[in-house]
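There are 2 protein chains.
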Amino acid sequence: MRIALAQLNYTIGAFDDNTKKITGAIARAKRENADVVVFSELSVCGYPPMDLLDYDYFIDRCQQSIRTIAKECEGIIAIVGSPAHNHDPIGKKICNAAFILQDKEIRGIVCKTLLPTYDIFDEYRYFERNRHFSLCDLNGQKVAVTICEDLWYHHTSDVSGKGKLYTVNPVDELCRLKPDFIINISASPFSYTHIKVREDIIAMNALTCHVPVFYVNQTGANAELIFDGGSLVINAKGAVIDRMALFKEDFRIYETQNITENTADQSPVKTEDTIALIHDALITGIRDYFRKMHLTKAILGLSGGIDSAVTLVLACRALGSENLRVLLMPSQYSSDHSVQDAVDLAEKLNVQYDIIPIQDIFARYQHALKPLFMNLQEDVTEENIQSRIRGNLLMALSNKFGHILLNTSNKSEASVGYGTLYGDMIGGLAVLGDVYKTDVYKLAGYINSEGIIIPPNTITKPPSAELRPGQKDSDSLPEYEILDKVLFHYIELRRSQEEIAALGIDKSLVQKIINMVTSSEYKRYQTPPALRISNKAFGLGRRMPLVAKY
Amino acid sequence: MRIALAQLNYTIGAFDDNTKKITGAIARAKRENADVVVFSELSVCGYPPMDLLDYDYFIDRCQQSIRTIAKECEGIIAIVGSPAHNHDPIGKKICNAAFILQDKEIRGIVCKTLLPTYDIFDEYRYFERNRHFSLCDLNGQKVAVTICEDLWYHHTSDVSGKGKLYTVNPVDELCRLKPDFIINISASPFSYTHIKVREDIIAMNALTCHVPVFYVNQTGANAELIFDGGSLVINAKGAVIDRMALFKEDFRIYETQNITENTADQSPVKTEDTIALIHDALITGIRDYFRKMHLTKAILGLSGGIDSAVTLVLACRALGSENLRVLLMPSQYSSDHSVQDAVDLAEKLNVQYDIIPIQDIFARYQHALKPLFMNLQEDVTEENIQSRIRGNLLMALSNKFGHILLNTSNKSEASVGYGTLYGDMIGGLAVLGDVYKTDVYKLAGYINSEGIIIPPNTITKPPSAELRPGQKDSDSLPEYEILDKVLFHYIELRRSQEEIAALGIDKSLVQKIINMVTSSEYKRYQTPPALRISNKAFGLGRRMPLVAKY
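In the order they appear, the protein sequences are chains A and B.
Position one of the first sequence corresponds to residue 1 (this note's numbering), numbered consecutively onward.
Position one of the second sequence corresponds to residue 1 (this note's numbering), numbered consecutively onward.
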């Protein structure tokens, strides 16, 4: 049997485009004599459709797509992800299904059993779970068709905090029925540790069931969520036979009889390339945000610092430097060096730049506020006014010329609230919002590894917002090496203050950092979506009460 | 048996404060010879704790609170809501439980069966569900202890779109065991239709099980969620015996033998007082936002229009006019009337006000941008610059003096994106963000019903942002009567474009409005939490993809 895996990049709700991609791949699979072609989870509507699933017309459109696609299924079987109606009189109205399409008809519907409802996932919000297990007959082959999380029963989730998150293992149920192989259709988002974890869990399923697994993931980004793709074929011994492309569409055909226990293993997945993966993921995130919204042009504030420099390079690689424009907005406290570093980078990248000093506008605000502020001392207020002037100027260009503003804040700043709400925290998309400052430096190093692009001075000088004379980040924040370590243990690993202090960090410093995180929740509530590259990003996957004591 | 119902206002994560409230009510119940005292759902930690439940130390603190409270339970039984560990080796690590505390010990733990995971609820994200049903023996009385949603099996949710959302009815299971009565501990948020719906569903449970129901809800607001309280006692015939206070703490004791089928029914719940309920709910929302964050002072921009006028009145009633401060920021396009209306209102309410014209600052932006904008025509860009200048000035005062900025946008504007991101869409809390413009007028009428407070001119003049000469809302938007009708059917009722047009509204207008809603999703993503008074508010309860075609 020849199985084609179609790893495609879907846009949420773009039914016509998605259907066209799917029928195009079916045509190709037919031409290349495949017996079966497999698409990823919820492929007709894209993943995650979120509350669009609550609209009946949206479910109707999904069903129409399935019927349209079925018509192309003559001489081939297609497995396509889509919501399906739950015809039981009780339970939620839809399930998350794999449709088996053959001879122009719907020949079978398999619903998902394990509904991830943690971190960025909300599947139990929408879907009823499967309770009946049977194999699909695909031209005489008995196949266990599963959907994404169905393979993850054995994953010891840091969310569950214990052995198992679920009370049933669908793979156990299906393997009792002796399948010839497992097919899994997924929408499994990227994080820089997830590729390895995913391979391991799929291999474990292949090994315990002692059958090959054909695994199809979606690729491309939908807002903050980046899907790497990286679809897999794994043999009955749990060895990786093939890995499909990362961060792009791919299409490959496999002969099932060739996927034997003796098939040569691929080399283990490389885990040392974390920064390269993050680099590629962020470019995918930027590119798809713009492409799927039918946008082309971006703008950002270039300060001479490392965050905006890295953001600009990534944006140029995603969108082309001809679509970028930057604004340099020196304050009276900006160093000449900063302006020069910013100009150097813009010129190196061939990016249009303008310089608008903010001193005059700032003076006008000070004048207007003088009767109210009287002779009160300058404080963070004046820094924020300047930051918000920059925000206003950037948005003015955005509004006038249609450039989308890219936010350049990093995860360390976002964590501790070191930024100005409605000032430097604004934008349509936060490119580095899930990247700790120490990793921003590594990204800069990676970018410069094949020749200097980012001015060395930008990388080596001490970080500063340059909003008061001689200001440095280290005046207000601990060294980033320590800060990032505490943040990682608190946010990603959800350790307590005591547990983090036990790593050898001063307890009062840990307390201070955690307090900064919790007291800036209100700021993060109003910031743009941040491209997710870790297991615990701000936004969709981390939901904290705004009014709380903790 | 004497049952005390303690309807209290908890702060999320404020373990010491919450425990003190609970033990205080236990002491009072003992003094007043109650046999049992009942507290609401997750009372030790407050509801909803959201992802704090993922932190082990948070669950530990809940257990400590339970042990502390148990020590006070001598000569009385307390039923207290708290997360409990799930000791099964499989399933999520905690359940949402009612602890039965007696003789200084934990005598029983009942876990919640139905875990709401729709709209603002995310319970399956955290909790494992109960699968075993038994009654609690409270001094010889057999009691069905249930938790909130457990009574809602028969609710035909607009979310499920069909008969039943769940596959098991815990009340059926428990009533088979012949309880003497039902206790339900809840955290059921307010919406202006929910009080009636809630009474009906509880009455239906009493009637089908043929036993009285004692229902305890929490009161007070936690960020956008407002809990009315309104705890209930309903007899075996489904008649309401008593309703506890709305929007404040309350404590009452009932003799179970007095709750007979012959007990006199209360009059039906009044549904004509919707606007009064919304008024009280919003004041509760403002008050608790400030009180629970240890804040006292608020600021807002007073334009002379109806939205900021109503917001100011509500804020004064919540916080006291001595804690309010307003800024009038006329543009070159503001009418004298607007400034006068704003001044009149501030003086009437005894609120400190200052006037800062924005014309000079605006001119300075125009000058700075001139080399970039060249001779391009003025457009929405210039309106947005002015709106963001106002935002900057308000935030400057907020930063300098510690006033929290209240956002004054209404739900109609938020729906269609008629507002400036980082301009008039900013603030710590959106007071009217879930109130359609037509209801803002009704609130103004209600406020003025016992004497003019809001200047009549503010109510009668055509709405305008006054950001260009002669501008009116109706230049860009349909009449609010029609707009709000379309929005209500699209957002609250999730109707399709065709279904809304079938109400007799021009189809192209419906299409235009829906397009405005969908294309402004990115703006709402970055706006402050809005006090929730409807069944479908923006924010927590409505989760739409940002990058999508629909």
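Don't take each hint at face value.
Copies of the same chain look alike in the list, so a pair counts if it works inside one copy or between any two.
Once the Cα atoms are required to be at most 30 angstroms apart in a straight line, the calculated DSBU-like pairs of lysine-lysine come out as [to be verified]:
(1) K523 x K400
(2) K512 x K21
(3) K549 x K20
(4) K104 x K21
Keep in mind that the hints were calculated from the coordinates and are not lab data.
Please read these numbers as outputs of a predicted model, since none were measured by experiment.
Results for each hint:
1. K523 x K400: both (27 angstroms within a copy, 17 angstroms between copies)
2. K512 x K21: Close across copies (29 angstroms), not inside one copy (51 angstroms); limit 30 angstroms.
3. K549 x K20: Close across copies (15 angstroms), not inside one copy (51 angstroms); limit 30 angstroms.
4. K104 x K21: Classified as within; 18 angstroms inside a copy, 65 angstroms across copies.
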